[in-house]
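Below, each chain spelled out in residue letters.
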Amino acid sequence: MLTKTVFARSSLCPGQSLACSFQICNQLLFPCSSKIRFIGAREKPMVCPLKASFWDSIRSGFLKSNMTQVVEPPSTLSEEEEPLPQEIVLVEKTQPDGTIEQILFSSGGDVDVYELQALCDKVGWPRRPLSKVAAALKNSYMVATLHSIRKLPGTEGNDQKELIGMARATSDHAFNATIWDVLVDPCYQGQGLGRALVEQLIRALLQRDIGNITLFADSQGPISLEWKSLSLITSWPFSIAVVDFYRNLGFEPDPEGIKGMFWYPRY
Amino acid sequence: MLTKTVFARSSLCPGQSLACSFQICNQLLFPCSSKIRFIGAREKPMVCPLKASFWDSIRSGFLKSNMTQVVEPPSTLSEEEEPLPQEIVLVEKTQPDGTIEQILFSSGGDVDVYELQALCDKVGWPRRPLSKVAAALKNSYMVATLHSIRKLPGTEGNDQKELIGMARATSDHAFNATIWDVLVDPCYQGQGLGRALVEQLIRALLQRDIGNITLFADSQVVDFYRNLGFEPDPEGIKGMFWYPRY
Numbered sequence: 001m002l003t004k005t006v007f008a009r010s011s012l013c014p015g016q017s018l019a020c021s022f023q024i025c026n027q028l029l030f031p032c033s034s035k036i037r038f039i040g041a042r043e044k045p046m047v048c049p050l051k052a053s054f055w056d057s058i059r060s061g062f063l064k065s066n067m068t069q070v071v072e073p074p075s076t077l078s079e080e081e082e083p084l085p086q087e088i089v090l091v092e093k094t095q096p097d098g099t100i101e102q103i104l105f106s107s108g109g110d111v112d113v114y115e116l117q118a119l120c121d122k123v124g125w126p127r128r129p130l131s132k133v134a135a136a137l138k139n140s141y142m143v144a145t146l147h148s149i150r151k152l153p154g155t156e157g158n159d160q161k162e163l164i165g166m167a168r169a170t171s172d173h174a175f176n177a178t179i180w181d182v183l184v185d186p187c188y189q190g191q192g193l194g195r196a197l198v199e200q201l202i203r204a205l206l207q208r209d210i211g212n213i214t215l216f217a218d219s220q221g222p223i224s225l226e227w228k229s230l231s232l233i234t235s236w237p238f239s240i241a242v243v244d245f246y247r248n249l250g251f252e253p254d255p256e257g258i259k260g261m262f263w264y265p266r267y
Numbered sequence: 001m002l003t004k005t006v007f008a009r010s011s012l013c014p015g016q017s018l019a020c021s022f023q024i025c026n027q028l029l030f031p032c033s034s035k036i037r038f039i040g041a042r043e044k045p046m047v048c049p050l051k052a053s054f055w056d057s058i059r060s061g062f063l064k065s066n067m068t069q070v071v072e073p074p075s076t077l078s079e080e081e082e083p084l085p086q087e088i089v090l091v092e093k094t095q096p097d098g099t100i101e102q103i104l105f106s107s108g109g110d111v112d113v114y115e116l117q118a119l120c121d122k123v124g125w126p127r128r129p130l131s132k133v134a135a136a137l138k139n140s141y142m143v144a145t146l147h148s149i150r151k152l153p154g155t156e157g158n159d160q161k162e163l164i165g166m167a168r169a170t171s172d173h174a175f176n177a178t179i180w181d182v183l184v185d186p187c188y189q190g191q192g193l194g195r196a197l198v199e200q201l202i203r204a205l206l207q208r209d210i211g212n213i214t215l216f217a218d219s220q221v222v223d224f225y226r227n228l229g230f231e232p233d234p235e236g237i238k239g240m241f242w243y244p245r246y
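Chains as they are written, first to last, in UniProt numbering: chain A, 1 to 267; chain B, 1 to 246.
In short, the hints are calculated from the structure, not lab data. Virtual Cβ for every residue (Gly too), placed ideally from N, Cα, C. Where hints are given, some of them may not hold.
Unchecked claim - Distance ranges between label pairs, derived from CB positions:
(1) B:Gln-189 <-> A:Gly-257: 18 to 24 Å
(2) B:Asp-97 <-> A:Gly-257: 25 to 31 Å
(3) A:Glu-256 <-> B:Gly-190: 22 to 28 Å
(4) A:Asp-244 <-> B:Leu-130: 15 to 21 Å
(5) B:Gly-211 <-> A:Gly-190: 28 to 34 Å
Claimed, not checked - Think about it this way: if two alpha-carbon atoms lie no more than 20 Å apart in a straight line, the pair counts; the simulated DMTMM-like pairs of lysine to aspartate or glutamate are:
(6) B:Lys-132 <-> A:Asp-185
(7) A:Lys-132 <-> B:Asp-209
(8) B:Lys-132 <-> B:Asp-181
(9) A:Lys-138 <-> B:Asp-181
Unchecked claim - One-sided excerpt, in silico: chain A residues whose CB lies under 10 Å from chain B:
(10) Ala-174
(11) Asp-185
(12) Cys-187
(13) Gly-190
(14) Gln-191
(15) Gly-250
(16) Tyr-264
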């Protein structure tokens, strides 16, 4: 099975980043019969006015091998321009039988509540009223998803699309955002997809100039309660504390003694 | 200077609560020449489908003296009904010269960004771009304010209204809310107004069935929020910030 892993690099316009990565991949890996299909921004290329430390973090996050140089973006988003929702192919695998599976990140937020409920069941979260789930999605500033897309050989246009991950953020659209409900299908955990999901969500928030990105991380591991924001880390074989998962993504607990607080939390 | 302090009780319909408090106040305090003017909900009385532990917390928060019994509300909000923004008179004082000052809580969120900037200056917060402040207010789920309203004697309709406090909350309208930017004019601090502001904001969020109310507290105000019912790091849950700028 040939695998080409291409994590979109935030430092570049999408078109450039994947072309660049594709070339480097070809230098490093076996020639691959499948191309990376990049589903870029719908109309305009995305540009990323981000600071140097962010590049460092994205670099360390994305580039597991010494793949490429990071190129700074040539221009910045004007104040009125809203970045468009983006779809990014994170992984593409070709099976021996010719089936192609892509893992697709999207910040467009198109989530079927029934699909989401099935995913929450899979990770073991308690059920929540679907109307409230729909309202929560609708009123989130951003909803990011991971989908697995399978293209069977010879079935033109008949893709199998499955929701395998989600994260969402509330925000005042100006200063603060809080990330809630990060989850990845247990079958797909341990591959860096949760990490990529959160990284892309952060990137999208930063592009919209949201400077303060926060979340509440469960320090005890995968215990789920209806009202908590949790990230499910598989217990096999790479189990780490949720707080460390986010620490590795650039989050810091209690900076300068600031405490996250809950009103009469229900245990 | 005669002062009547009436904190609206969440357990009652607004009209009832203040009438009730007014009577008790009269029993306990000197007769007061000024009435409490209650500016209730605009169209419908507000009802509060809240749980018993909440009543306890509100009781302990609001009733600094053993004033009254809490009365449970007779009905609950139907699922489609959105509670209306509410204005509540928290304090009313009559000066010897006849000037009446009211402290008014409102969840209606009508904030002038220039007034807010002046208030932020007063508390010593760094300036932020006004366009972003306006966007933040517009896109907050709820914006609560405290205003001081002075009515000078003989000036019918010429009230002086001044923004003296604000708190706002973002939310997904279903499960979670996070409170940001709580501030009270230093001239009005130390009177329990910040406490009342946050309590009313919590009440308004609970009425909208937002079950998870969170915030991030600077170390020096953690106890302030603890006294309001907030708990830091429950079950070890950590609040985290992405590359915080110090």
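Verification of the hints:
1. The beta-carbon spacing between B:Gln-189 and A:Gly-257, approximately 21 Å, falls within the hinted interval of 18 to 24 Å.
2. Checked against the hint of 25 to 31 Å, the pair B:Asp-97 and A:Gly-257 fails, with Cβ atoms roughly 46 Å apart.
3. Between A:Glu-256 and B:Gly-190 the C-beta distance comes to about 25 Å, which sits within the given range of 22 to 28 Å.
4. Between A:Asp-244 and B:Leu-130 the C-beta distance comes to about 39 Å, which lies outside the given range of 15 to 21 Å.
5. The beta-carbon spacing between B:Gly-211 and A:Gly-190, approximately 32 Å, falls within the hinted interval of 28 to 34 Å.
6. The straight-line distance between the Cα atoms of B:Lys-132 and A:Asp-185 is roughly 37 Å, outside the 20 Å bound, and the hint therefore fails.
7. Among the hinted pairs, A:Lys-132 with B:Asp-209 is consistent with the structure: their alpha-carbon atoms are about 10 Å apart, no more than 20 Å.
8. With a CA separation close to 14 Å, the supplied pair B:Lys-132 and B:Asp-181 stays within the 20 Å bound.
9. Note on A:Lys-138 and B:Asp-181: the hinted pairing is violated, with a Cα-Cα distance of about 24 Å set against a maximum of 20 Å.
10. Proximity of A:Ala-174 to chain B holds as hinted, the smallest CB-CB distance being about 4 Å (cut-off 10 Å).
11. Look at A:Asp-185: its Cβ only gets to about 21 Å from chain B, farther than 10 Å, so that hint breaks.
12. About 26 Å separates the beta-carbon of A:Cys-187 from the nearest beta-carbon of chain B, more than 10 Å, and the hint is not met.
13. Annotation: A:Gly-190 was flagged as interfacial toward chain B, and the flag is violated, the nearest CB pair being 22 Å apart, outside 10 Å.
14. Among the interface hints, the one on A:Gln-191 is violated; its C-beta lies about 22 Å from the nearest C-beta in chain B, farther than the 10 Å criterion.
15. The restraint placing A:Gly-250 at the interface with chain B holds, with a minimum CB-CB distance near 5 Å, inside the 10 Å limit.
16. For A:Tyr-264, the shortest C-beta to C-beta distance to chain B is roughly 5 Å, which falls under 10 Å, so the interface hint holds.
Hint check: violations occur at hints 2, 4, 6, 9, 11, 12, 13 and 14; the rest are consistent with the structure.
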